[in-house]
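The opening residue of the sequence shown carries number 1 in the UniProt record's numbering; numbering runs sequentially from there.
Honestly, the hints are just simulated from the structure, not real lab data. Note that the structure is predicted; figures quoted are calculated from it, not measured. Treat each hint with caution, since some may be false.
[Unchecked claim] No farther apart than 25 Å at their CA atoms in a straight line, the calculated lysine-lysine pairs in the DSS-like style are these:
1) Lys181 x Lys386
2) Lys249 x Lys268
3) Lys473 x Lys167
4) Lys167 x Lys475
5) Lys167 x Lys385
6) Lys268 x Lys386
7) Lys475 x Lys500
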Amino acid sequence: MNILLDAITKWAKTTPDRVALVGYEANQTVELTYSELLNKIELVAAELIAQNIKALALRAENSINWAIVDLAAMAADLVVVPIPTFFSDAQVEHTLEQSGVDALVGDWQAWLASHPKQSFNQQDHPLSIANLPLLRRNQLGDEETRVAYLPETGKITFTSGSTGQPKGVCLSNDHLCLVAKSLADAVNGTAHSHLVLLPLSTLLENITGVYVPLMLGVTSYILPGEQTGLLGSSQFEPGLFAQALATIKPESLVLTPALLLALIQIAKQQPSLVDSLKFVAVGGARVSSQLINTAHALNIPAFEGYGLSECGSVVCLNIPAAFKAGTCGKPLPHAQIRIAEDGELLVKGNVALGYLNEPFTQEWLATGDLAQIDAQGFVTLSGRKKNLIVTAYGRNVSPEWIESEALAFLPMTPLIVTGDSQQTLCAVIANSEDVEAKVHVLNRTLPDYAQIRTLLLLDNPRAISGWYADNGKLKRNQIEHDVAQLLASTTPELTLQAQKIQRIDLPFQQHITSFQTAS
């Protein structure tokens, strides 16, 4: 029994002509009704079984065909390994090596041409499945590359860690469907159309953009990034996003905090573009209450959530009926949570099977995130346990908390907070107009121990070698080391890797509870 496929079958029988998916292929809009979708899933599943495929790596831009292959693989009971198109060459190689897939589906020809050692048939006219190219692994070396998957594995989602090397999280189809069911129950009746914006190769959009709408019998618009504005993992064109909003008029979206900032700017300039929205889930990083409140003031129904791949994605979510700004909501029915003595959030329930070759055996999963639970059951995140700053005065400060609060004042110039073992906190930030004044305003919203007392301004922090992993995550230990040396320097002119550094020491600001965000 598969509750997602059962739901699709139900809608195909009861409302066969209702539109399930809308996409864009060959320069034209394509619509699939629920009856047509079910038929395609069954046909492609039969093809996958006939090809005797055990596991496939799916690498392609967002499209209806991506969703069809994913759902057909679920129906055929084989393993899917979604690979983001923005993964580096090294990450893709690592993913293929670790997962041991015997087939590649999607945009692989150009990549394979530059990686001739890969043991996949490279044909001038490859096979296709759901209109996506299909490449099989060569027979030679099969036994060497065969991976013993954890029992019941249906999907392996690779999450890039702080080192930039992706880890394969093994999830069963039951895991995925249970999360989708919890989300569907939570938002049922709220929205009737969803616009996919994040890559479907990310588990969050895979579940919220495909599984949840289909479970509810509503319509999901799956367009390539060149039409929605999100190119790769972090390149964003607000104009394309605004155009998609105007054309589609979606009722739901799933955004990261950075994309919510973009939507806020769009709403300020063209308020009517957000009129259709009924539910906007925001996740992927902590979201400040100021940002959520700003969104609500602009008629954007933004609701923060929290999840991680090791729990099949979403664990907690704010919804209209149970909402508290600054929190990530209450746990969904499929998950139980508690806080460890050191403040770490622990989750029980829908926990993954494990990592590749590393089954989970613990009852409670240690998330690595610091959190609090209030009397009403709302969960507030403060940051990653491993990133916790302990000042010279013994105060524990999460840098992610301050960095997320700063987005309300410095949306285009994110700062990096340091200060481990230091008397006060320091922030590294790209030099921009009024940055000092905006940090002054930020400080007035923070308690004294969390205020930024030193600014280090430079032209381009991202150009500093050793500060960022391949996946874009901060290498905080290296940054702490470099900043500590800069702060200890007695030379009149500070430089780091040929970049001039301007140091500004800031006064203490009286904490206030109400404020006006910078425009």
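Hints versus structure:
1. Lys181 x Lys386: Violated - the C-alpha atoms of lysine 386 and lysine 181 are around 32 Å apart, more than 25 Å.
2. Lys249 x Lys268: The hint holds at about 17 Å.
3. Lys473 x Lys167: 15 Å, holds
4. Lys167 x Lys475: Roughly 18 Å separates the two Cα atoms, so the pair holds.
5. Lys167 x Lys385: With a Cα-Cα distance of about 19 Å, the restraint between lysine 167 and lysine 385 holds, given a limit of 25 Å.
6. Lys268 x Lys386: 37 Å, violated
7. Lys475 x Lys500: 21 Å, holds
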